[in-house]
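> Single-letter residue listing:
Number of protein chains: 2
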Amino acid sequence: MAGDVYAYLEARRDQALHDLIEFASIASVSTDPAYQAEMAAAAQWVADRLVQAGMDAVEVIETDGHPAVYAEWLHAPGAPTILVYGHYDVQPPDPLDKWRSDPFAPQVREGRLYGRGVSDDKGPMLIPLLAAQAYMATAGRLPVNVKFLFEGEEEVGSPSLEPLIAAHAARLAADFALSADGAMWRIDDPSVTVSSRGMTGLEFRLRGAAKDLHSGRHGGAVANPLHALAELVAGLHTPDGRVAVAGFYDDVAELSAVERAELAALPFDDAAYLREVGAPALFGEAGYTTAERMWVRPTLEVNGMGGGYQGAGSKTVIPGEAMAKITCRLVPNQRPADIAAKIVRHLEDHTPPGVTLEVMRGGGHDALPYRIPDDHPGLRAAADVLRAVYGREPLKVRMGGTLPVSELFRRLLGIDTVFFSFSTADEDFHAPNEFFRVQRLYDGLRAWAMYWERLAAAG
Amino acid sequence: MAGDVYAYLEARRDQALHDLIEFASIASVSTDPAYQAEMAAAAQWVADRLVQAGMDAVEVIETDGHPAVYAEWLHAPGAPTILVYGHYDVQPPDPLDKWRSDPFAPQVREGRLYGRGVSDDKGPMLIPLLAAQAYMATAGRLPVNVKFLFEGEEEVGSPSLEPLIAAHAARLAADFALSADGAMWRIDDPSVTVSSRGMTGLEFRLRGAAKDLHSGRHGGAVANPLHALAELVAGLHTPDGRVAVAGFYDDVAELSAVERAELAALPFDDAAYLREVGAPALFGEAGYTTAERMWVRPTLEVNGMGGGYQGAGSKTVIPGEAMAKITCRLVPNQRPADIAAKIVRHLEDHTPPGVTLEVMRGGGHDALPYRIPDDHPGLRAAADVLRAVYGREPLKVRMGGTLPVSELFRRLLGIDTVFFSFSTADEDFHAPNEFFRVQRLYDGLRAWAMYWERLAAAG
Numbered sequence: 020m021a022g023d024v025y026a027y028l029e030a031r032r033d034q035a036l037h038d039l040i041e042f043a044s045i046a047s048v049s050t051d052p053a054y055q056a057e058m059a060a061a062a063q064w065v066a067d068r069l070v071q072a073g074m075d076a077v078e079v080i081e082t083d084g085h086p087a088v089y090a091e092w093l094h095a096p097g098a099p100t101i102l103v104y105g106h107y108d109v110q111p112p113d114p115l116d117k118w119r120s121d122p123f124a125p126q127v128r129e130g131r132l133y134g135r136g137v138s139d140d141k142g143p144m145l146i147p148l149l150a151a152q153a154y155m156a157t158a159g160r161l162p163v164n165v166k167f168l169f170e171g172e173e174e175v176g177s178p179s180l181e182p183l184i185a186a187h188a189a190r191l192a193a194d195f196a197l198s199a200d201g202a203m204w205r206i207d208d209p210s211v212t213v214s215s216r217g218m219t220g221l222e223f224r225l226r227g228a229a230k231d232l233h234s235g236r237h238g239g240a241v242a243n244p245l246h247a248l249a250e251l252v253a254g255l256h257t258p259d260g261r262v263a264v265a266g267f268y269d270d271v272a273e274l275s276a277v278e279r280a281e282l283a284a285l286p287f288d289d290a291a292y293l294r295e296v297g298a299p300a301l302f303g304e305a306g307y308t309t310a311e312r313m314w315v316r317p318t319l320e321v322n323g324m325g326g327g328y329q330g331a332g333s334k335t336v337i338p339g340e341a342m343a344k345i346t347c348r349l350v351p352n353q354r355p356a357d358i359a360a361k362i363v364r365h366l367e368d369h370t371p372p373g374v375t376l377e378v379m380r381g382g383g384h385d386a387l388p389y390r391i392p393d394d395h396p397g398l399r400a401a402a403d404v405l406r407a408v409y410g411r412e413p414l415k416v417r418m419g420g421t422l423p424v425s426e427l428f429r430r431l432l433g434i435d436t437v438f439f440s441f442s443t444a445d446e447d448f449h450a451p452n453e454f455f456r457v458q459r460l461y462d463g464l465r466a467w468a469m470y471w472e473r474l475a476a477a478g
Numbered sequence: 020m021a022g023d024v025y026a027y028l029e030a031r032r033d034q035a036l037h038d039l040i041e042f043a044s045i046a047s048v049s050t051d052p053a054y055q056a057e058m059a060a061a062a063q064w065v066a067d068r069l070v071q072a073g074m075d076a077v078e079v080i081e082t083d084g085h086p087a088v089y090a091e092w093l094h095a096p097g098a099p100t101i102l103v104y105g106h107y108d109v110q111p112p113d114p115l116d117k118w119r120s121d122p123f124a125p126q127v128r129e130g131r132l133y134g135r136g137v138s139d140d141k142g143p144m145l146i147p148l149l150a151a152q153a154y155m156a157t158a159g160r161l162p163v164n165v166k167f168l169f170e171g172e173e174e175v176g177s178p179s180l181e182p183l184i185a186a187h188a189a190r191l192a193a194d195f196a197l198s199a200d201g202a203m204w205r206i207d208d209p210s211v212t213v214s215s216r217g218m219t220g221l222e223f224r225l226r227g228a229a230k231d232l233h234s235g236r237h238g239g240a241v242a243n244p245l246h247a248l249a250e251l252v253a254g255l256h257t258p259d260g261r262v263a264v265a266g267f268y269d270d271v272a273e274l275s276a277v278e279r280a281e282l283a284a285l286p287f288d289d290a291a292y293l294r295e296v297g298a299p300a301l302f303g304e305a306g307y308t309t310a311e312r313m314w315v316r317p318t319l320e321v322n323g324m325g326g327g328y329q330g331a332g333s334k335t336v337i338p339g340e341a342m343a344k345i346t347c348r349l350v351p352n353q354r355p356a357d358i359a360a361k362i363v364r365h366l367e368d369h370t371p372p373g374v375t376l377e378v379m380r381g382g383g384h385d386a387l388p389y390r391i392p393d394d395h396p397g398l399r400a401a402a403d404v405l406r407a408v409y410g411r412e413p414l415k416v417r418m419g420g421t422l423p424v425s426e427l428f429r430r431l432l433g434i435d436t437v438f439f440s441f442s443t444a445d446e447d448f449h450a451p452n453e454f455f456r457v458q459r460l461y462d463g464l465r466a467w468a469m470y471w472e473r474l475a476a477a478g
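Going line by line, the protein sequences match chains F and C. With my numbering applied, the first sequence has no gaps in its numbers, which climb one by one up to 478 at the end. With my numbering applied, the second sequence has no gaps in its numbers, which climb one by one up to 478 at the end.
Just so you know, not all the hints are guaranteed correct.
Repeated chains share a single entry, so a pair holds when one copy, or any two copies, can fit it.
Claimed, not checked - 20 Å max Cα-Cα, derived EDC-like pairs, lysine to aspartate or glutamate: (1) Lys361 / Glu222; (2) Lys230 / Asp38; (3) Lys415 / Glu278; (4) Lys415 / Glu281; (5) Lys230 / Glu412; (6) Lys415 / Glu367.
Rather than coming from a laboratory, the hints here were simulated on the basis of the structure. The model shown is predicted, which means the values in this text are computed figures rather than measured ones.
Let's have the full structure, built from the sequences with the hints guiding it.
This is the structure in structure tokens:
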């Protein structure tokens, strides 16, 4: 039976690529209300494909935000049940002028498919869907019981996911979750991810004059919110790259000597990484390696800030206000709400004279840091499959990013999450010219088919 | 003869307001190439009106940028010749969502005409044009010789004005310039302006990674250009509001005790000013009064800065770059190029690790500070007319803003510039809901007619 699946997948590679291009042509940008119709269209596209694949109980589940899509196939008695997770929403395409081809008309160039969301997460989430379809088309059944949960709010911090999982806990019950989101570390070495960072965030605004003022007539008389913003933001870090917010590091579990040695043993090449990101130099918290800073140390990053006139030419203005958006990546045992509160206190304590502070703190992005046990059977299966597909031992790596879902699945369903994505961390998601390596689509289809097969055999 | 003029102007008030509304409906935004057609339309509108008024030699003079409009009436032998200056270009209307009515569909509400450019400078520059028309319609002649020069690049630093004046120096020869630009200090007290601040400016960009990076995967590894921007901008001032750029104050001519006493004697009310601008507090260079800081002390203001994601929602990104636009207001004896060079050196010396600096320095905004002699006949005439129109002694005030034209007229034509504008400094030019007091349009028409009459009598 399984042999047929691999032949089927092999024969239909072009169709799989075509499906991904069609899926990624839908501009499902979750953060911007202007894309409401495209979000609905993407959810429906996923549901239609699950029906075509032969899955049962396919449902577009409405939420207070964007809908999730659920499906199941539960006709393998005695075999494990896994909950497949992915997301169909994508980041905004800005800045548009930096794209070499239309972000929503995906284009293959030199073995890479370029388009918004192809790597994060439409390519990776389409893989289990097409693997299921291949099993159904060739064998009429799956080797294990599978439940699919594809959400539409991952890029905005998954605000509806917690109530949704809580409301459908029985329906979502599984032995563990297998996430199609969470990229592999690098293209040359297959890897399994054993931890991810948590997150918290907020936005703030500084207000000076009640309106924009002419910088000639009024310059010198009142505070410029841009100067105040600069002072406040500059004060969030020390010159050596540490976060200057009081208490920020209080709950950080420092790495053991063993953990630091494990990380140091990974083939992480600072020079190669620097070339990859194209920065003039590496920079970050003093006293830690680059890998440590990216994976196991917390950060505070301003994701956007601005005010005044930023267009072409000039406008001699003292703006009435200025804003900044901040997110932090958290590590055990930092708590999102506690860190956010400490940042708010810092901002309040350090707001310069002449401006007022307003903090917008939704909390929708909050996520605890996550770590999976080393001996988890789903993690072992992932390592086995990667060894078989790539012919070498997968690395055990950490993840700098955040997957709130793993924390939710553990807390609400009592299960762990194995990350099994075939995107790669260098594929410019959240940036212009996001791409997905076409070969990874084919690798992923084979690997997911194999994963279910092994799991059934082990089970 | 003059009596007829005043009656004529009085009778045609509605027509004058209608003319201004028509003029201000043309979106002549000089800084943004998208408004190219409107710029040409506005220049032609001015030229047509000058022809209708009966002026001679009307010409739209092309430049490397936006055209200027010239006209003359030189049939008053023995009488002085004055060069009337104004500008028909306006600031961009952003932020559009803060306007209570369409910036380019001017609307009268409670005695104020709201619209972009009505106060800066379309209302004030229309006044001498309509005053000339009134003289021609009633007397068939003007009391003095008049040359009109209306430019279309004032809001972008008048880059074409210097070559234009240099190329037409003989044609523009006059006894002095009378500027319809340069607002009066306040509505309650008529005033003559005796000095204006100079200007210089530049823009800079900090670059980190070659592309926007995911703040989860990469956060901690490379410098965030927004953090670097904040640090660099924060370092441009000391906490007590002084400019921290080395040498910035070296050439500043400190005020004499007499000058400080003169300024202190003006009815400047800090509390009233604070209410007017609506800021939480006044703020600026320690050791100087608010009036001194606005008029006779130099400033360095960031007019716009930003980077990363500033739209709705969030985007967890470490941007590849960040930018800031800076302008300075200068006082005697600071020199624009010298100050700009000192700022560039400061930026170079203080650029934080992990980012690279690029400075864009056009120099197009450079203007020397200006001061007119106290005993200038044109200044005395202005004071006489204001005393007649408003029934009280005009104040002698300074101007925080910059009129590069006064420096150019002195350097290239050897003449001084008298500011005789009927806009008021509180009319929100360069901000949303710019307005012009309708009564000032009528005051201005009477005052300009009277100015020419007095000048002819004095000459």
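> Measure nothing new, just compare the shortest in-copy and cross-copy C-alpha distances for Lys361 and Glu222 to 20 Å and report within, between, both or neither.
Within one copy, since 14 Å is at most 20 Å while 34 Å is not.
> With identical chains treated as interchangeable, where does the CA-CA distance between Lys415 and Glu281 reach 20 Å or less: within a copy, between copies, both, or neither?
within (9 Å within a copy, 76 Å between copies)
> Since the copies are identical, ignore which copy is meant and state whether Lys230 and Glu412 lie within 20 Å (CA to CA) inside a copy, between copies, both or neither.
neither (61 Å within a copy, 32 Å between copies)
> Classify it for me, Lys230 with Asp38: is the Cα-Cα distance of at most 20 Å met within a copy, between copies, both or neither?
neither (51 Å within a copy, 28 Å between copies)
> For the identical chains here, do Lys415 and Glu367 meet the 20 Å Cα criterion within one copy, between copies, both, or neither?
Neither: 41 Å inside a copy, 42 Å across copies.
> How do Lys415 and Glu278 come out at 20 Å by Cα distance, when the copy is not named: within, between, both, or neither?
within (11 Å within a copy, 74 Å between copies)
Going down the numbered hints, you'll see the structure goes against 2, 5, 6, while the others check out.
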